[in-house]
Structure formats: C-alpha cells, structure tokens
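> Sequence:
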Amino acid sequence: MWTDVTLPDGPTTAPVDPVRAPPPRFSPSVRVSGSEATPVAQHAPQLAAVGARVYVVWHEARAGLENVFLAVSRDGGQTFASPIRVSDNPAGTVAELFPAVAVRGNRVVVVWQEFAAGHDDRQGRIKLARLGPLGRKRGADVRVDGLDASGKWLPAIAFVGTDPVVAWVDERDAGPEGEPLEHVFAARGRRGGTAFGPAVRVDGGAPVPLATHLDNKWGPTLAGSGRSLYAAWADFRNYNWDIFLARSPDRGASWGSNVQVDDFPDFERIDERPSVAADRLGHVHVVWTDLRAREPDTNIFYARSDDGGLHFSSNRQLDDSKAGFDPDHDTPSNQWHPSLALDRSHLFVAWQDDRLGNDDVLFTTSADGGATFAPSERVDDTGTGVSEQTRPRLAITGHRARRVCYVVWEDDRNGDSDIYLARRGCPD
1 MWTDVTLPDG PTTAPVDPVR APPPRFSPSV RVSGSEATPV AQHAPQLAAV
51 GARVYVVWHE ARAGLENVFL AVSRDGGQTF ASPIRVSDNP AGTVAELFPA
101 VAVRGNRVVV VWQEFAAGHD DRQGRIKLAR LGPLGRKRGA DVRVDGLDAS
151 GKWLPAIAFV GTDPVVAWVD ERDAGPEGEP LEHVFAARGR RGGTAFGPAV
201 RVDGGAPVPL ATHLDNKWGP TLAGSGRSLY AAWADFRNYN WDIFLARSPD
251 RGASWGSNVQ VDDFPDFERI DERPSVAADR LGHVHVVWTD LRAREPDTNI
301 FYARSDDGGL HFSSNRQLDD SKAGFDPDHD TPSNQWHPSL ALDRSHLFVA
351 WQDDRLGNDD VLFTTSADGG ATFAPSERVD DTGTGVSEQT RPRLAITGHR
401 ARRVCYVVWE DDRNGDSDIY LARRGCPD
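Quick note: the sequence shown, position 52, residue 52 per the working numbering, numbers continuous.
Any given hint might turn out to be false.
If you anchor each label on the Cβ, the simulated ranges turn out as follows [claimed, not checked]: (1) Thr79 / Asp173: 40 to 50 Å; (2) Pro265 / Gly139: 44 to 54 Å; (3) Gly205 / Glu179: 16 to 26 Å; (4) Pro332 / Asn106: 45 to 55 Å; (5) Ala117 / Gly205: 28 to 38 Å; (6) Arg138 / Asp306: 31 to 41 Å; (7) Pro332 / Thr384: 17 to 27 Å; (8) Glu36 / Ile270: 33 to 43 Å; (9) Thr79 / Ser345: 24 to 34 Å; (10) Pro176 / Ile84: 43 to 53 Å; (11) Asp330 / Gly256: 42 to 52 Å.
Derived from the structure by calculation, the hints contain no laboratory data.
Ideal Cβ positions, reconstructed from N, Cα and C, are used throughout, including at glycine.
Generate coordinates for the entire structure from the input sequences, incorporating the hints supplied.
Rendered as structure tokens:
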C-alpha cells in the first residue's frame, strides 16, 4: 500500500492572513493616556477628530473616585499632549464615568455621567464641558439632565448644526410595582451647549406582557445628518434584547416611531451595543453585537435603511470569523463592541475579536454602501501576545484620497488597562 503525494513544481508562499499578520496598513499603536508614576487603569475610551486634531476621552481613578480625562493630538494621532482632567469637580471627589466627545469646527464638547454621592447609582447626573480646539475649558460645566432623583447612564452625544444633542439611559420611570425602568432620554443644547432644553423620551411603545416589569433599554448611540438625528439602542420590550432606532426630524426636539432593526424572529436572542451612521440622503447604517438562538458565539451584524430609518434590510453578518470555520474542530470566537463611521458610500467598522484566543481589534471597510465588506484586518500591533485589546472606537476625518481612520481602545499590554490608538489612510 502507498499514498501518492503531488508536489508543486516550485516553492510556494502561503497567503498572508491580515488578522494574524502585523497590521498591514495601520500605524504602530500609540499610547494616548501617557506615562504613570503609579499604574492606574483607564477605561471606556471615546474619540472624535477633525483635520489633524484628535480628541480622546476616558475615565480613570487617578486620585480617589473616577474622573474623566482628555488627551489632544495636533498631528493626526502621532503624538498626544499630557492628559487633562475635564470637569470642574475637585479631583477624586465625584465619580465620573463613561465619557463621550464630539467636535464641530473649533468647538469640542465632552459629556459624562456622574453620581451625586459616592457610587450611589440611584442619584445620577449628566454633565457637559465645552472646550476650545486645544482642550482649554470654555466656561463652567453644564447640567444636561434634570434632578438627581434617578440613575442616569451611558451618555452619547452628536452635533446637529452648531448645537450638541445628548442621549442617555434614565431610570426616572417606574414599572407596575414601582421598580425603576431604564429608558432612553435626550436633550437638545442651545447656544452651542451653554444650556439644554427639557429631556424628552426617545423610546416608546408598549412591552409584551412578559416584559412589563423588565421594559429596559441600554446603550444609546447617536448620529446626526442635516436636521435629522438618529438614535439606536438595545431594547427588552419583546422579552429579548433587540436593536431599535428612532429618528428626530427637528434636531432632537421630538422623536418618531421606534423601528426594530434586527430581524431574527425566534426567542433567545441578545442584540446589543449598536453603532449608527447616516447621510443626508436618508441612508442609515447600523451595526451591533448579535447572539442568535443557540449560536455558540457573538458576531457583528449589519443592516441598512434607504428611507430614513423607516425600514431596514435583511440582517447580515459583517465579520468574517465564520470563513473556513469547521464547527467539528474549530473553537467558536466572539466579536463585539462594534464602532461604525461613514463617509459618503464608504463604511468603516472596528470591533473587538477573540478569534486568535485573546481579544484583539479588527477592522473592515465597505466601498459600496454596505453591500460587501473587505476581509478583516488587524489594528493593534500586539501580535500573538496574550494581552487584551477591548472596547474599540472609530472616527474618520477627510474625504476620498485624504480620508484618515483612527481607532482607539483599551489595552493591557503593560499589565493594566491603558488607552492606545492607531491610524491609517482610508482612501477610496
């Protein structure tokens, strides 16, 4: 008995795997959060960019309770100035968490949640700071929400014109037996964010009977285009976690009907962490983390609307983790924390991915409005190391040949969680 083996005529080279290889297009990772005499963990990064200026925010407990910090780059993310503390609160005295940042021209706004006392999450506030292009404060912090009487979480922010709009999770509403329910509220800034109008509820609609006591929402995200503003969030009204979206036609003053984005009809679905982008033509794009019934892992899913968010396309898996996957031999992997950016018909997405055994940051693009996506590529430069790269966020600047993509994330390569950034050109 024998086996015939056919050998190639000459030497062959295996194709380069853009996920396992060093980042083929992204720059070396840059530490944003600066050096530390005493190690301290930084968490929940967010970023915004305009021109060569890049703004990154996060929270850390450098002195006592958590505070929000900002680092500014003036050279396209190659270097960052020393981080500055954002709020007017005395350092370490008020717990400030989950900041978000937006920029419009020379106007920079940072929003965050804070607790009225210690870590008492029943008494929350949403605060905003206004800054100049280099990070210098412009006036005192501004209160976005109302009173301290309820928990408030996870603010998101977007400019509509020259004014910021803020959305957040709010526990002011009570369930049938007085239990606090988490709903999405929003408030529109006036005079560039020096004051805010009354908070209005974004989500609406009756829950199914099983969810009457559990009608909670989570993780709102915002995208503005022209006078329109879009909010997306995770929603338990159907006794499953779904992704819902609402449109405001008047810059956040009022909100229309809620539309379900995900389309899986069976129970046991968990859809969360949406990211949304939109253009002036009414094209709305949504990505999210998706766990469908009896699936062993989470994936990044995508849907598109061509009518301003009234209807959405069939959902499709965006990441390529299933390519070549053998369910009988391969280990399922998780993809989550997606972040989406849009420039004309070009889409850019970054996410957290553990297909290599630990969490890394991956990235893809679509040049045809979401019809197809390029193979995933690696963003961080930690190679095959065991460190974790998590919670990526993405921003773009410029157009066409001058377009640049920036990705920021949490990174524990140094033993604790630091904030890192990488960039690459993203031309057409």
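> Please go over all the hints and tell whether each is borne out by the structure.
Now the hints, each set against the structure:
Against the hinted window of 40 to 50 Å, the Cβ-Cβ separation of Thr79 and Asp173 comes to about 46 Å, which satisfies the hint. Distance hint check: the CB atoms of Pro265 and Gly139 are about 50 Å apart, consistent with the given range 44 to 54 Å. Between Gly205 and Glu179 the beta carbon distance is about 19 Å. The supplied range of 16 to 26 Å therefore holds. At roughly 47 Å, the beta carbons of Pro332 and Asn106 sit within the given window of 45 to 55 Å.
Between Ala117 and Gly205 the CB atoms are about 34 Å apart, so this pair conforms to the stated range of 28 to 38 Å. As the Cβ distance of Arg138 to Asp306 is approximately 39 Å, the hint placing it in 31 to 41 Å holds. Under the hint 17 to 27 Å, the C-beta atoms of Pro332 and Thr384, about 20 Å apart, fit the expected range. Remark: the range hint 33 to 43 Å for Glu36 to Ile270 is upheld by a beta-carbon distance near 36 Å.
As the Cβ distance of Thr79 to Ser345 is approximately 33 Å, the hint placing it in 24 to 34 Å holds. In this structure, Pro176 and Ile84 meet the distance hint of 43 to 53 Å, their C-beta atoms being roughly 46 Å apart. A C-beta distance of roughly 44 Å is found between Asp330 and Gly256, which places it inside the suggested range of 42 to 52 Å.
The structure meets every hint from the earlier list without exception.
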